[in-house]
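Q: The chain contents come next:
There are 2 protein chains.
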Amino acid sequence: MAAPSTDNTCREEADTTTMERSIRERVPPLLTDLYQFTMAYSYWRAGRHQEPAVFELFFRDNPFGGGFSLFAGLHDCQLFLRSFRFTHEDVEFLRSVLPPATDPAFFEFLRGLDCSGVTLRSVPEGTVVFARVPLMEVAGPLAVVQLLETSLLCLVNYASLVCSNAARFRLAAGPRRKLLELGLRRAQGPDGGLTASRYTHIGGFDLTSNVQAGFLFGIPATGTMAHSFVTSFTSLEEVWPRTLVAVDGDADPVDVISLTKGWLSRVCELLGATPGKIREGELAAFLSYAIAYPHNFLTVIDSYNVGCSGLLNFCAVALTLCELGYKPVGVRLDSGDLCALSVDVRRVFRLCSEHFSIPAFNALIIIGSNNISEESMAELNSKENEIDAVGVGTHLVTCTKQPSLGCVYKLVEVQGRPRMKISEDPEKSTVPGRKAVYRLIDADGHPFLDLLCLAVESPPEAGVALSCYPVVHNSDAVSITPAQVVCLRQEVFATGEVTQPLCSAAETRAKVQSSLQTLHPRHKRLQEPDTYSVAVSEKLHNLVTELCKGSSSDSNFLLAN
Amino acid sequence: MAAPSTDNTCREEADTTTMERSIRERVPPLLTDLYQFTMAYSYWRAGRHQEPAVFELFFRDNPFGGGFSLFAGLHDCQLFLRSFRFTHEDVEFLRSVLPPATDPAFFEFLRGLDCSGVTLRSVPEGTVVFARVPLMEVAGPLAVVQLLETSLLCLVNYASLVCSNAARFRLAAGPRRKLLELGLRRAQGPDGGLTASRYTHIGGFDLTSNVQAGFLFGIPATGTMAHSFVTSFTSLEEVWPRTLVAVDGDADPVDVISLTKGWLSRVCELLGATPGKIREGELAAFLSYAIAYPHNFLTVIDSYNVGCSGLLNFCAVALTLCELGYKPVGVRLDSGDLCALSVDVRRVFRLCSEHFSIPAFNALIIIGSNNISEESMAELNSKENEIDAVGVGTHLVTCTKQPSLGCVYKLVEVQGRPRMKISEDPEKSTVPGRKAVYRLIDADGHPFLDLLCLAVESPPEAGVALSCYPVVHNSDAVSITPAQVVCLRQEVFATGEVTQPLCSAAETRAKVQSSLQTLHPRHKRLQEPDTYSVAVSEKLHNLVTELCKGSSSDSNFLLAN
Chain A
154 MAAPSTDNTC REEADTTTME RSIRERVPPL LTDLYQFTMA YSYWRAGRHQ EPAVFELFFR
214 DNPFGGGFSL FAGLHDCQLF LRSFRFTHED VEFLRSVLPP ATDPAFFEFL RGLDCSGVTL
274 RSVPEGTVVF ARVPLMEVAG PLAVVQLLET SLLCLVNYAS LVCSNAARFR LAAGPRRKLL
334 ELGLRRAQGP DGGLTASRYT HIGGFDLTSN VQAGFLFGIP ATGTMAHSFV TSFTSLEEVW
394 PRTLVAVDGD ADPVDVISLT KGWLSRVCEL LGATPGKIRE GELAAFLSYA IAYPHNFLTV
454 IDSYNVGCSG LLNFCAVALT LCELGYKPVG VRLDSGDLCA LSVDVRRVFR LCSEHFSIPA
514 FNALIIIGSN NISEESMAEL NSKENEIDAV GVGTHLVTCT KQPSLGCVYK LVEVQGRPRM
574 KISEDPEKST VPGRKAVYRL IDADGHPFLD LLCLAVESPP EAGVALSCYP VVHNSDAVSI
634 TPAQVVCLRQ EVFATGEVTQ PLCSAAETRA KVQSSLQTLH PRHKRLQEPD TYSVAVSEKL
694 HNLVTELCKG SSSDSNFLLA N
Chain B
154 MAAPSTDNTC REEADTTTME RSIRERVPPL LTDLYQFTMA YSYWRAGRHQ EPAVFELFFR
214 DNPFGGGFSL FAGLHDCQLF LRSFRFTHED VEFLRSVLPP ATDPAFFEFL RGLDCSGVTL
274 RSVPEGTVVF ARVPLMEVAG PLAVVQLLET SLLCLVNYAS LVCSNAARFR LAAGPRRKLL
334 ELGLRRAQGP DGGLTASRYT HIGGFDLTSN VQAGFLFGIP ATGTMAHSFV TSFTSLEEVW
394 PRTLVAVDGD ADPVDVISLT KGWLSRVCEL LGATPGKIRE GELAAFLSYA IAYPHNFLTV
454 IDSYNVGCSG LLNFCAVALT LCELGYKPVG VRLDSGDLCA LSVDVRRVFR LCSEHFSIPA
514 FNALIIIGSN NISEESMAEL NSKENEIDAV GVGTHLVTCT KQPSLGCVYK LVEVQGRPRM
574 KISEDPEKST VPGRKAVYRL IDADGHPFLD LLCLAVESPP EAGVALSCYP VVHNSDAVSI
634 TPAQVVCLRQ EVFATGEVTQ PLCSAAETRA KVQSSLQTLH PRHKRLQEPD TYSVAVSEKL
694 HNLVTELCKG SSSDSNFLLA N
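From first to last, the protein sequence lines are chains A and B.
All residue numbers for the first sequence refer to our numbering, where the first residue is 154 and numbers rise by one.
All residue numbers for the second sequence refer to our numbering, where the first residue is 154 and numbers rise by one.
Quick caveat, the hints were computed from the structure, so don't treat them as lab data.
All values derive from a computational prediction rather than experimental measurement.
Fair warning: there could be bad hints in the mix.
Said to hold, decoys possible - Calculated pairs, SDA-like style, for lysine to any residue (alpha carbon to alpha carbon, straight line, at most 20 Å):
| no. | chain 1 | residue 1 | chain 2 | residue 2 |
| --- | --- | --- | --- | --- |
| 1 | A | Lys480 | B | Lys554 |
| 2 | A | Lys581 | A | Cys492 |
| 3 | A | Lys414 | A | Ile511 |
| 4 | B | Lys581 | A | Cys492 |
| 5 | A | Lys554 | B | Lys554 |
| 6 | A | Lys331 | A | Ala493 |
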């Protein structure tokens, strides 16, 4: 792959302390909505702040018009919970913004807060998930779990969105083409870029241009040169040193300028090209780069004109390197009709390989990188091209098709009693009660339905028929028989500690691939996928009905007056 | 405005040290593309790293199909430049990712790097700007100014985009309606949320929900309660304390439960409402909040049903507060037909005011906040409604209409000689040479053309006709006479220091308003605006022509062989 990294093996991630510091810096506990504090104060004032409460996090629609999403951001949430504490400075700031009526003792309470009373149950990071399935359950003291809302949403929303987007690009590209994430400069803020690098790698990208993502997450970083490097040179006079030592020859430096000029003549002759249209500055840039990094020679060849200049200059320098025993890496195309250009370039590589008997020219790679969208990625499968690797920036990291996932965080239980928001907009009503979530698998090993039950119900059993209600509005009961049943969530944080090992980016990336593997292709289609079923158990269905009618004791209408 | 902040006066920003630390944490010098380092190494290896070079930053199209953009992110760029330094840990990481061929002395060079040799000339932050006008000029040692590319782009791109988006929402809303930014949970990463809060305030929003934005930038923060607060209550038994002291009455606490029940009866009677449909938990939530923050009573009233429950409960508690001498603030509507609901709510407020002789009910505010887009904001001007303030999240902060601005950073000069990228895609060609940028103003005080000249040219003069070439491809020369000429850029960073005072968010916000004020309405139209003219001087036009032909000595074709 593109120099300097030559494979996509992950390096070690930074140690957990560095990661945790990074989270504390990116997500300080004040990075939240003010109303979390006014609500927490009201709970505290009413003596309700310690009441056990349960929130659920979910999204309402699969992103990008697709049939699935990937769940991501959990690792950051776990570190966030572990480090959640207000500093003296934080509390003093809150004292200055909350209404003067706030009892000073509340600030003492905040000063002592942490997440030791919070339990997080979650779908494993990197799992394929669906709209309306509660992905995380956050249980703990009412005031604390309320305070966590905005931060957890912020950490899950974009991570899951951009990871899902990357997975779609990967599906569009097919399994073999290398995918490079190049989005940092176009990301929504510096951390948008960093988060994108992590979660697009998890979603299926191989390499990133982002050095900090390499540093923090061990993602292999890649990149060689921009057009500015090429255009900064004007003349071969600027090349220095002007010599290179052959890989396994004697130690006498070889004059590469002369050597390259010779190769350029032969290339021009072979291709019938006009030397008069070749840019000298471009040749100087390529030579300078080759002299600096002879093992990593990969250049952008469209700063002027690919056919008349860039490709000829590349071939001349690459042939020089080959003569000295080095293996040039390849080229990047960054404008024009990438497919057509790549075919031309490959033809020239093959011709050179054959004519000059240089087999290394058959291993050269071609990278394409010009405003690639999911659609243009998919087109690579239908149009003739020779592109080995694709660099994607804007459309990947900013998720132009749908730049927000819309996760929400809803209260479902207080003091062991189910809570529900019954909106005039049915889409905005919530499913009450503490739940267990099961993924039902069919006889072919494909998941076919996610079932939400009350936590107190006994789990569905493999091979046993059960009746349930699809969450689609006003659906009738259906009967289904799973071949296997998987409990979808597990406890990942409790008593102030992370209770499942934190997954590295590489581990979660592997999880994504295996989770996507089991999903039936009809749900993975990028256009018009089949809808995956999500249903509630009969007991949960009955509870919803009761609460909507107000007939449950936990949904009192004010009858006494 | 929405409690607890009662106006939109900015607080003090955090001190510069805190801001600079925040930038260092958000934008460490490794948060960049790897190729910046491979290029820097090649320059260093060739002995070219100290050559004086000039880059320009600009975007190619005004965002959102609009006629203008706002320039933002400069403040962060200035702090970034001032603090730009590699730590030992950074350099050791780079040593591990750059190709093994990298000369160890290069890492010593990196260790000693800073921006003391860099000069930044920039359009002032908050200025109305247009596509293809170079907004920043970064001059300094070639290797250093190359290394800055990704970070500067990342800091300007999203800041300018989201600031421009906010300005469009402000234009759509008109000058009087209060605008609240509520986007943190839907932002692209935590810092996307923080950046959005700063730059949407600068672009014209009044308040934010984001506490950290209040802490760092002094932006007034707002917010009272979510639906979860309302649904967490089930019964009036949960209200505690159950008393409140009147504002200027005697100190005897009053039983507000009884008082509220009395008011609720009277409200139901007045409105002919059915008490049996009123949610007791909602009333308990409102009462608890009122007891905690009697001066800041603003509730969300659609957790169940506005007309049958939320509005009645609000009125009862608000009337109780009025009786005790407090001034309730208002309500928030978060679902359904906001316009129609607001009209109903206002009617009830007026009725209560009149019937119970409570003038404070005429001052109650109504906030709307349900997936507001630029279009739905504009609709508020044509549909009957009583919405005083609008809360906007997703569409504002993620810029759903166009989630990336696409700023680029192009080399225009090395060693005093102009550089140019001549792409096969004319859109991707650059305008060479170090420039001066002038804004030409017409006799009515409206800017009508931005003129790019070579830095060495004498500036255009007011009242003197000049000939220039619009940047639209292949345009003929036009003759124009400005009434006034403004030099658009100024030096803001040099010799390692910020040379213009850093502007606070409040100052830049004022600049935005005055800059937008002078722009002719035809360029401000949200749909199909007139295109603002950008042109190059004759001298610059001639230089482009020369370089394209390769006839300039700085654009050598390889003639010798």
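Q: Look at each hint and say if it fits the structure.
A: Outcome of the hint check:
1. Lys480(A) x Lys554(B): violated, 45 Å
2. Lys581(A) x Cys492(A): violated, 46 Å
3. Lys414(A) x Ile511(A): holds, 18 Å
4. Lys581(B) x Cys492(A): Given pair Lys581(B), Cys492(A) holds - Cα atoms ~18 Å apart, limit 20 Å.
5. Lys554(A) x Lys554(B): holds, 9 Å
6. Lys331(A) x Ala493(A): With Cα atoms ~19 Å apart, Lys331(A) and Ala493(A) stay inside 20 Å; holds.
When held up to the earlier numbered hints, the structure conflicts with 1 and 2 and fits the remainder.
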